[in-house]
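Go ahead and model the full structure; you've got the sequences and the hints to work with.
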Amino acid sequence: MGGSGRKGAGLLLGLLALAPAAAAERTRQAALYPQDARREMGGADHARFPGAGILYCRRPDGVPQKAAAAWLVGAPDLVVLNAHNFRDRRLDVTRQVADCHFQIAGRNYAFVAGSLKLGTAPGATRLHITDDWALLRLAEPVLGAPAQPVPQVPDLPVGPASLPVTMVSPAGHENFRGGSSLEDCVIRQVDPPEEDAIRRVRHDCNNGYGGSGSGLFDASGRLIALQSASLSMNSRRAFDAEFHYGSALLFEGDLLAAIRAATEPESGARRTGP
1 MGGSGRKGAG LLLGLLALAP AAAAERTRQA ALYPQDARRE MGGADHARFP
51 GAGILYCRRP DGVPQKAAAA WLVGAPDLVV LNAHNFRDRR LDVTRQVADC
101 HFQIAGRNYA FVAGSLKLGT APGATRLHIT DDWALLRLAE PVLGAPAQPV
151 PQVPDLPVGP ASLPVTMVSP AGHENFRGGS SLEDCVIRQV DPPEEDAIRR
201 VRHDCNNGYG GSGSGLFDAS GRLIALQSAS LSMNSRRAFD AEFHYGSALL
251 FEGDLLAAIR AATEPESGAR RTGP
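Taking our numbering, I'd label the letters of the sequence shown as residues 1 to 274.
Worth double-checking, as some hints may not be accurate.
Restricting the straight-line Cα-Cα distance to at most 25 Å, the calculated cross-link-like pairs of lysine to any residue (SDA-like) are [as the list claims (entries may be wrong)]:
hint : residue 1 : residue 2
1    : Lys66     : Thr94
2    : Lys117    : Pro160
3    : Lys66     : Gly144
4    : Lys66     : Asp88
5    : Lys117    : Pro164
6    : Lys66     : Pro154
7    : Lys66     : Asp92
8    : Lys66     : Gly123
9    : Lys66     : Phe217
10   : Lys117    : Ala145
11   : Lys117    : Ala139
12   : Lys66     : Val93
13   : Lys117    : Asp99
14   : Lys66     : Asp99
15   : Lys117    : Pro154
16   : Lys117    : Arg95
17   : Lys66     : Arg39
18   : Lys66     : Ala124
19   : Lys66     : Ala110
20   : Lys117    : Ala161
Read the hints as simulated data drawn from the structure, not as lab findings.
Written out as structure tokens, the structure is:
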């Protein structure tokens with residue numbers, strides 16, 4: 001998505017030309033920006049950023065493969081991830097929930113197939129950056145791995161910014177050698193609210209396929225944004241707020257309201273949907 005913001009523009013996903021598997025150095029250098037400070041997550045990182053999980057989905061041949069990052073948030077059975085894992089920018093179905101599962105702390109968990117809640121409004125015809133979120137329930141609660149706390153509304157003014165963040169990518173990127181990654185980077189701009197009263201932030205964090213749903217954390221370790229899309233992921237060009245940047249949506253508006261509603265104390269029967 002360019003600098004024009006919403007105005008009918010659909011969700012644009014960056015294009016990635018995969019380097020040969022044997023060319024490890026070329027793969028490492030296949031970054032969004034000239035600088036690439038990504039490193040693989042270690043045990044201490046998982047403790048610092050709880051709730052980090054991976055969405056796995058079956059290929060047409062039935063083999064499960066990594067699809068994106070996903071987060072256990074606020075409850076042991078609530079997963080937050082991108083809507084574009086299941087819908088394209090025209091909102092056509094691209095995957096069925098039943099073909100996917102959530103992995104965290106080395107264990108796999110099935111989703112409740114009918115629990116998918118998309119960020120798009122009823123009657124919407126396009127998927128935009130700021131409604132590119134979804135909630136799913138797990139068929140059973142996660143054991144042995146804590147959930148990420150429910151986010152708080154980020155205190156960020158609209159306009160140019162210089163906010164240090166850490167981009168945490170539990171599913172890694174196909175243009176990075178490690179199976180997971182994190183990187184210290186910067187939010188450079190906060191756009192006005194769009195769909196769902198949610199703002200987009202433009203950042204200089206490196207990204208690649210598999211990085212969708214990565215979390216952006218502030219210096220205090222709070223989850224503030226969810227990665228959605230990046231432009232020209234292998235171009236290695238300098239950040240440009242109009243033409244070359246990564247896009248994430250802030251945890252606010254309808255997304256935060258939906259998480260709060262889904263994590264309120266239960267009364268009566270166990271919920272089957274967000």
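Cross-check of the supplied hints:
| no. | hint | result |
| --- | --- | --- |
| 1 | Lys66 to Thr94 | holds, 15 Å |
| 2 | Lys117 to Pro160 | violated, 32 Å |
| 3 | Lys66 to Gly144 | holds, 22 Å |
| 4 | Lys66 to Asp88 | holds, 18 Å |
| 5 | Lys117 to Pro164 | violated, 31 Å |
| 6 | Lys66 to Pro154 | violated, 30 Å |
| 7 | Lys66 to Asp92 | holds, 21 Å |
| 8 | Lys66 to Gly123 | violated, 31 Å |
| 9 | Lys66 to Phe217 | holds, 22 Å |
| 10 | Lys117 to Ala145 | holds, 23 Å |
| 11 | Lys117 to Ala139 | holds, 15 Å |
| 12 | Lys66 to Val93 | holds, 19 Å |
| 13 | Lys117 to Asp99 | holds, 16 Å |
| 14 | Lys66 to Asp99 | holds, 12 Å |
| 15 | Lys117 to Pro154 | holds, 23 Å |
| 16 | Lys117 to Arg95 | holds, 14 Å |
| 17 | Lys66 to Arg39 | holds, 19 Å |
| 18 | Lys66 to Ala124 | violated, 28 Å |
| 19 | Lys66 to Ala110 | holds, 15 Å |
| 20 | Lys117 to Ala161 | violated, 31 Å |
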